[in-house]
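**Q** Given next are the chains, with one letter for each unit.
2 protein chains.
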Amino acid sequence: MSKTVLILPGDGIGPEVMAQVRRLLDRIGGFNIEEGLVGGASYDAHGTPLTDDTMAAALKADAVLLGAVGGPKWESLPFADKPERGLLRLRKDMELFANLRPALVFDALAQASTLKTDLVRGLDLMIVRELTGGVYFGEPRGIEDLPNGERRGINTQVYTTSEIVRVARVAFDLARKRDGRVCSVEKANVMESGLLWREEVQTLRDAEYTDVQLSHMYADNCAMQLVRQPKQFDVIVTDNLFGDLLSDCAAMLTGSLGMLPSASLGAADASGARKALYEPVHGSAPDIAGQDKANPMACILSASMMLRYSFDMAAEADLIDAACQDVLNAGIRTGDIVEAGMTPVGTVAMGDAVLAAMDKRAGG
Amino acid sequence: MSKTVLILPGDGIGPEVMAQVRRLLDRIGGFNIEEGLVGGASYDAHGTPLTDDTMAAALKADAVLLGAVGGPKWESLPFADKPERGLLRLRKDMELFANLRPALVFDALAQASTLKTDLVRGLDLMIVRELTGGVYFGEPRGIEDLPNGERRGINTQVYTTSEIVRVARVAFDLARKRDGRVCSVEKANVMESGLLWREEVQTLRDAEYTDVQLSHMYADNCAMQLVRQPKQFDVIVTDNLFGDLLSDCAAMLTGSLGMLPSASLGAADASGARKALYEPVHGSAPDIAGQDKANPMACILSASMMLRYSFDMAAEADLIDAACQDVLNAGIRTGDIVEAGMTPVGTVAMGDAVLAAMDKRAGG
Ligand SMILES: [Mg+2]
Ligand SMILES: [Mg+2]
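Chains A and B supply the protein sequences, listed in that same order.
If you read the first sequence in this note's numbering, its first letter stands for residue 1, the second for the next number, and so on.
If you read the second sequence in this note's numbering, its first letter stands for residue 1, the second for the next number, and so on.
Hints listed in this document are in silico derivations from the structure and should not be mistaken for laboratory results.
Each hint should be verified, as a subset may be incorrect.
Since the list gives no way to pick one copy over another, a pair counts as held whenever it fits inside one copy or between any two copies.
In the DSS-like style, the derived pairs of lysine-lysine whose C-alpha atoms are separated by at most 30 Å in a straight line are [as the list claims (entries may be wrong)]:
1) K231 x K92
2) K92 x K177
3) K116 x K231
4) K73 x K177
5) K82 x K360
6) K360 x K60
7) K360 x K116
8) K73 x K116
9) K116 x K293
In this text, all values refer to a predicted model and were calculated from it rather than measured experimentally.
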């Protein structure tokens, strides 16, 4: 199996957190690693946030690992040159329709949540958000002038059977590797697009995934239930807009945004392989860039997701996840997750600690 | 000033919680109170969840106070006869476009929240949700068959200038009576309807409400901020869909759903008076109906909102709110909010306690 990984460190803290990931992938070995530029870094070198060559390399790679893009240096650029456009082009040209947003709480960090500790300790839920359809992309859209001097703003929420089925399939496949439960979220009571969503997800489950337990929930109730008892969920699958709000709500529940990875997946080819982009949820944090202060764990955990979902290397992914847990349990923390009585360590020391913990577990 | 109040107790626990409100309004005095049927109770008596006579009375009244509708007895009725249709007709024919959903935490109940107590103690935020427009009502809508055998589900998110301005005005007026801050919430970064929303709210503020502080926030960030630090907000104004999710999320943050009131307001007439419907957020709770177990406080607090917003009786509303606080502080609780070491009291005893606390404060 070919394992070509395109690494795009990007801007701000991207390069320094990715350097720790690079060490880790080198240690595991067997990858064909390429590097490229994206975002402001690409604009500075080539006058565009993503070159056609890099885009072609991304389409050819088995997985793309991205750090972060953006920063004040490029904020005044015209719309098409902004760093974020590089990331959006990657998502669009790779047709990444399924956004996987885990909400994970490491035991050692459970008290960082604004929720009471017992409610989040051990939390491990996965939100699968549809990423290329729905009201953020539907036509017609725009703002029009009315004859009476008012204006009217319009967007269109639209989903087809195949758009729903392909993302639901990702959720069911994930559930099979987890606790076997999917909760599908929409507003079928007031939106026909939600009713179609519910029916198509149920039909797919009944036809192909009878081993997976499927429930349905209205999006407003889901927002309540995430706050009331987040551990009730295994996999949540929902549309682009509801997924936008619910995945951010769930991420905040963990209390450790700087720890969260994500994946965006495209369609499976004949061999079952999917286009895939992995990236930490956090941004480029230009205020601390280049100071050896950034927490590399979200990027390391994104690499772990890559091993698990793109390369079927569950054992190695488990090893990385466990090593991160060991490091946190040992009280080794970067500034963003440090607690009273602990001395914060730097980005490189955190990478050292994860590698050492992997070695210890592998050798022990 | 005329003070005609139409009381619609409805179904389940509605009549018994409303009986306590009735005692309280009688004590304050000066109201012309009418009673009517809504929901299953109306269906049983008249074969419809809302008669034309009751609808006419609601349109003539200065305020409508509603208990709750629905229950298993009426679940198998055809769509148009269901209890909920009575409530929906009231909202529609009264043109109630602004839904006020306070998220209030009483000191004595702060530990009931799933959030850490310090983060919610003293919480008092108000979400103003647009209630008659947006994607739940926009046309075109529906599910269509495509030539390729797939189906397509469509809904339309649409807002006009006047729809935005009238609900924003409600939010600004409320802010003036509170902490003077409004946060307007949309997704202007990806939705033109959200961009129009943002522009029209800002234009109104600059033209007429320069004394109110206005900020803008994306809806996904708002979902995060409600969980991270809910006390940062005073008034939030947002559209129908975002308001649906965010108001339920905020309600759950309080940990005491059975305590929360709501108001739905229509347009102001020449004298400044608005059509208005007040109701608790909780449902009809048929499982405990008729057993003197229901908590009347959400309905009592809905009556307090009525005094404040429909009748400009701030002193009396403050008195009710303070009396409720006294009762909770004294450890007098119905079963839904009772804590270890307390003996739960019934619905009537809770009404007794609130009236006694009002008398004590008024006479003290
Ligand atoms: Mg988001
Ligand atoms: Mg709701």
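**Q** Now tell me, hint by hint, if it's right for this structure.
**A** Against the structure, the hints:
no.: 1; hint: K231 x K92; result: neither (33 Å within a copy, 38 Å between copies)
no.: 2; hint: K92 x K177; result: within (27 Å within a copy, 47 Å between copies)
no.: 3; hint: K116 x K231; result: both (12 Å within a copy, 17 Å between copies)
no.: 4; hint: K73 x K177; result: neither (43 Å within a copy, 42 Å between copies)
no.: 5; hint: K82 x K360; result: neither (43 Å within a copy, 64 Å between copies)
no.: 6; hint: K360 x K60; result: neither (35 Å within a copy, 78 Å between copies)
no.: 7; hint: K360 x K116; result: neither (33 Å within a copy, 37 Å between copies)
no.: 8; hint: K73 x K116; result: neither (40 Å within a copy, 38 Å between copies)
no.: 9; hint: K116 x K293; result: both (28 Å within a copy, 29 Å between copies)
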